[in-house]
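Visitor: Go ahead and model the full structure; you've got the sequences and the hints to work with.
If you read the sequences in order, they're chains X, D and G.
Sequential numbering of the first sequence, starting at 5, is according to the working numbering.
Sequential numbering of the second sequence, starting at 5, is according to the working numbering.
Sequential numbering of the third sequence, starting at 102, is according to the working numbering.
Some clues are possibly wrong.
Said to hold, decoys possible - In the DSBU-like style, the derived pairs of lysine-lysine whose C-alpha atoms are separated by at most 35 Å in a straight line are:
id	chain 1	residue 1	chain 2	residue 2
1	X	K6	G	K131
2	X	K117	G	K131
3	X	K187	X	K59
4	X	K59	X	K6
5	X	K117	D	K121
6	X	K6	X	K18
7	X	K59	X	K18
Note that these hints are calculated values from the structure, not bench results.
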Amino acid sequence: MKYADEFRDPALAKKVLARIDETLARMPMPEGRPLHVMEVCGGHTHSIFRYGLQKLVPDSIEFVHGPGCPVCVLPMGRVDDCVTLAEHPGVIFTTFGDAMRVPGSRGSLLDAKARGADVRMVYSPLDALELARGNPDREVVFFALGFETTMPSTALTLLQAADEGIGNFSMLCQHITIIPTLKALLSDPHCLIDGFIGPGHVSMVIGNAGYRFIPERHGKPFVVAGFEPLDLLQSLWMVLAQLAGGRAAVENQYARVVPEDGNPAALRAIAEVYEDRESCDWRGLGAIDRSGVRIRAAYADLDAERRFGLVPADVADPEICQCGEVVRGRLKPFQCRAFGRECTPATPLGALMVSSEGACAAYHQYGATDGATDRGASDRSATDRGAPARG
Amino acid sequence: MRDLIDGIFLAAFGNAGIAALEDQARLPLADFGGGGLAFTTDSFVIDPVFFPGGDIGRLAVCGTVNDLVVGGARPVALSCSVILEEGLPLADLRRIAASMAAAAAEAGCRIVTGDTKVVPRGAADRIFVNTAGIGSIPQGRELAATRIRPGDALIVNSTLGLHGAAVMAARGDLGLATALESDCRPLGALVEALLDAAPGTHAIRDATRGGVATVLNEFADAAGVCCRIDEDRLPLTEAVRGLSEILGLDPLYLANEGLFVAAVPEPEAEAALAVLRPLPGGAAACRIGTVTGAPAGRVVMTSFFGGERLVDMLEGDQLPRIC
Amino acid sequence: MCLGIPGRITEIIDADRFLAWVEVSGVRRKVNVTCVAEPGRLDDLVGAWVLLHVGFAMSVIDEAEAARTLEVLDALGEVQDELAAMRESARP
Chain X
5 MKYADEFRDP ALAKKVLARI DETLARMPMP EGRPLHVMEV CGGHTHSIFR
55 YGLQKLVPDS IEFVHGPGCP VCVLPMGRVD DCVTLAEHPG VIFTTFGDAM
105 RVPGSRGSLL DAKARGADVR MVYSPLDALE LARGNPDREV VFFALGFETT
155 MPSTALTLLQ AADEGIGNFS MLCQHITIIP TLKALLSDPH CLIDGFIGPG
205 HVSMVIGNAG YRFIPERHGK PFVVAGFEPL DLLQSLWMVL AQLAGGRAAV
255 ENQYARVVPE DGNPAALRAI AEVYEDRESC DWRGLGAIDR SGVRIRAAYA
305 DLDAERRFGL VPADVADPEI CQCGEVVRGR LKPFQCRAFG RECTPATPLG
355 ALMVSSEGAC AAYHQYGATD GATDRGASDR SATDRGAPAR G
Chain D
5 MRDLIDGIFL AAFGNAGIAA LEDQARLPLA DFGGGGLAFT TDSFVIDPVF
55 FPGGDIGRLA VCGTVNDLVV GGARPVALSC SVILEEGLPL ADLRRIAASM
105 AAAAAEAGCR IVTGDTKVVP RGAADRIFVN TAGIGSIPQG RELAATRIRP
155 GDALIVNSTL GLHGAAVMAA RGDLGLATAL ESDCRPLGAL VEALLDAAPG
205 THAIRDATRG GVATVLNEFA DAAGVCCRID EDRLPLTEAV RGLSEILGLD
255 PLYLANEGLF VAAVPEPEAE AALAVLRPLP GGAAACRIGT VTGAPAGRVV
305 MTSFFGGERL VDMLEGDQLP RIC
Chain G
102 MCLGIPGRIT EIIDADRFLA WVEVSGVRRK VNVTCVAEPG RLDDLVGAWV
152 LLHVGFAMSV IDEAEAARTL EVLDALGEVQ DELAAMRESA RP
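Guide: Have a look at this one:
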């Protein structure tokens with residue numbers, strides 16, 4: 005596969021790893037803890053686990069898995085909203101695959117489907133629109149979930165529906181934005197993150213300028229990265245090189261895909277369809293100001309919230325959940341009191357356990373092969389951690 | 005109903021056993037030799053009913069036959085029970101019956117008994133098929149996952165995920181156009197050849213739902229061993245890789261209908277691969293890993309990038325990962 | 102958070118709706134190319150490699166930048182090799 009295989013070359017990886025070692029040896033390290041590098045994006049978390057990168061890098065570096073997985077930060081109340089709409093008579097509720105398993109207070113969308121609701125998985129919002137064209141006597145609702153990467157696709161789909169005058173299509177908007185969340189994370193005085201690996205696909209839409217406050221105000225390196233293993237290792241090295249040189253800047257490792265200014269056509273579509281919400285709820289993180297968008301009043305007919313008079317549900321996270329601490333990088337997944345006990349991939353409490361991109365599910369699925377190799381895992385053995393998954 | 009049975013099933017399966025139309029098939033004990041008897045059953049529901057590389061009929065025969073042959077049995081006779089939703093086109097039923105007959109012939113066994121029920125529209129999804137199968141196990145064959153030992157080579161006969169990927173694409177709701185075909189085939193000839201060349205083989209299992217990852221976990225669990233595999237040895241076709249990349253799926257968990265995993269003692273591994281490769285369905289036969297002692301009960305994969313990860317059992321079906 | 106993979110545009114299907122076939126390792130999907138198209142010049146896209154996300158082409162992959170990244174990666178190794186060689190030659 006072009007543009008993928010070249011960036012998976014293990015021989016080159018050895019070279020980058022050697023440079024990482026060499027850079028670490030000549031840079032200042034935090035006292036009493038490993039260096040914390042947060043990969044913001046869930047896609048990066050997935051790659052780190054899939055390729056076993058944590059085990060390839062030196063012990064003195066720890067990846068902190070950030071909040072950039074829209075499924076993981078999906079609050080329970082919003083899942084309930086989905087279920088409410090899905091159970092509305094005559095509705096075909098369409099969604100991306102991995103939102104289907106996220107638990108709400110009345111179960112997940114898969115549970116609603118089992119109870120008889122017409123819930124269908126689609127690959128693209130375009131497919132939901134196609135379903136609306138093909139089922140003129142049904143109401144087709146699409147669950148528009150995701151960060152800025154996904155917003156242009158839903159905005160363009162909505163504009164297409166408006167343009168064609170498709171009267172039985174609407175979207176439930178759950179789009180969230182990454183920069184307010186990074187601001188919230190960094191404003192926390194206990195934030196122990198030394199540098200960031202930035203979200204490549206969000207950046208291909210919004211460009212790189214929005215991240216400048218991170219080096220300028222907080223003095224932390226921020227390297228926008230691709231998703232192949234060599235991309236991640238190179239980006240990690242770029243973060244270390246900045247730290248070693250006493251610098252902090254926004255750098256772009258993923259220039260083959262990310263233009264400095266993002267994608268103008270995509271940004272136009274977003275601006276046409278969406279406006280900021282005053283506040284948006286994140287599972288584990290709570291409400292964050294202006295961290296999400298809603299559909300503009302001009303497209304009220306295509307907004308499922310308005311169309312169905314939906315009163316958004318407000319449901320607190322389960323008390324035992326420590327998703328917030330994990331998303332903030334204060335706890336590793338296995339340090340959560342519910343991990344592997346009340347909360348497993350089979351019976352997820354928190355969304356971090358639901359999505360395959362979620363840090364907890366990733367730990368459960370790809371976790372350490374022995375206690376010694378998983379740093380920080382010494383409080384519990386690998387066998388203990390894995391046991392519930394097999395039961 | 006009698007027309008349905010005579011016109012479609014008897015015509016397709018015609019043999020002395022079934023043509024008598026008694027309430028049971030009668031089989032001479034001589035058909036089973038002096039060894040053991042293997043007996044299995046499975047029900048089949050699939051959407052779409054017809055897919056590239058097969059249909060529900062072929063699937064129902066191959067699925068049950070393969071459950072017999074991976075136990076070292078030679079399939080002798082199958083039953084076929086169908087539940088039909090009112091309104092299923094007879095042409096479809098005819099096509100399915102013919103495909104079952106062809107698959108049974110390919111597998112060297114007969115369909116000797118069966119049943120047909122028709123239920124009102126909405127009470128079933130077009131057609132459900134149940135097949136049961138009996139086979140004879142030649143004396144001395146003792147295949148079992150509990151017999152797997154550290155040092156065994158783990159081999160597969162074919163590329164991963166063809167059935168799962170082909171059916172997912174054929175369903176049409178993901179809007180993907182591919183030339184993918186299911187690998188749905190009876191595995192008897194391959195297993196017999198394997199056991200001839202590698203008589204010390206400890207266990208064989210066909211990797212259907214849940215894929216190769218699930219079989220390896222079953223092996224590790226049953227024998228209290230670790231299955232270690234290498235990502236760069238996993239045989240994959242370009243199209244399965246492409247579909248997996250687009251949908252964010254792991255081919256290790258995709259279903260197969262013509263693939264087995266075998267644990268073969270190291271000294272016999274090369275001979276096993278050598279006999280599989282010239283056979284239909286065996287061209288991509290290869291070794292994907294080795295059984296070791298620890299960590300017991302685990303499947304560990306070394307990524308082509310050098311890192312290691314656990315390959316766990318999957319909770320529920322694999323859903324496309326999009327955002 | 103956002104699964105995106107490279108694919109090649111093989112054919113424009115519907116210029117009015119900005120739809121094209123994109124191929125990834127032998128698997129084809131209908132894709133919306135609004136975000137990467139210049140109006141009226143859709144045909145120029147045929148053969149281009151794009152980054153695909155939920156049925157939309159979101160970026161045209163810059164071949165020169167890809168090559169540059171690989172050069173940098175390779176150069177990282179060369180510096181390393183030189184350092185090793187220097188250390189080697191510095192030994193008595």
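Visitor: Would you mind confirming whether the straight-line C-alpha gap from K59(X) to K18(X) stays at or under 35 Å?
Guide: Roughly 13 Å separates the two Cα atoms, so the pair holds.
Visitor: Do the alpha carbons of K117(X) and K121(D) lie within 35 Å of each other, as the hint requires?
Guide: Between K117(X) and K121(D) the Cα gap is close to 27 Å, so the pair holds against 35 Å.
Visitor: Hint check: K59(X) vs K6(X), CA-CA at most 35 Å. Holds or violated?
Guide: With a Cα-Cα distance of about 27 Å, the restraint between K59(X) and K6(X) holds, given a limit of 35 Å.
Visitor: Hinted pair, alpha-carbon criterion (35 Å max): K6(X), K131(G). Please report holds or violated.
Guide: 20 Å, holds
Visitor: Is the hinted pair K117(X) and K131(G) satisfied, with a Cα-Cα distance of at most 35 Å?
Guide: Distance of about 28 Å is within 35 Å: holds.
Visitor: K6(X) and K18(X): Cα distance at most 35 Å?
Guide: With Cα atoms ~21 Å apart, K6(X) and K18(X) stay inside 35 Å; holds.
Visitor: Would the hint linking K187(X) and K59(X) be met if the CA-CA limit is 35 Å?
Guide: 30 Å, holds
In this structure, every one of the numbered hints holds.
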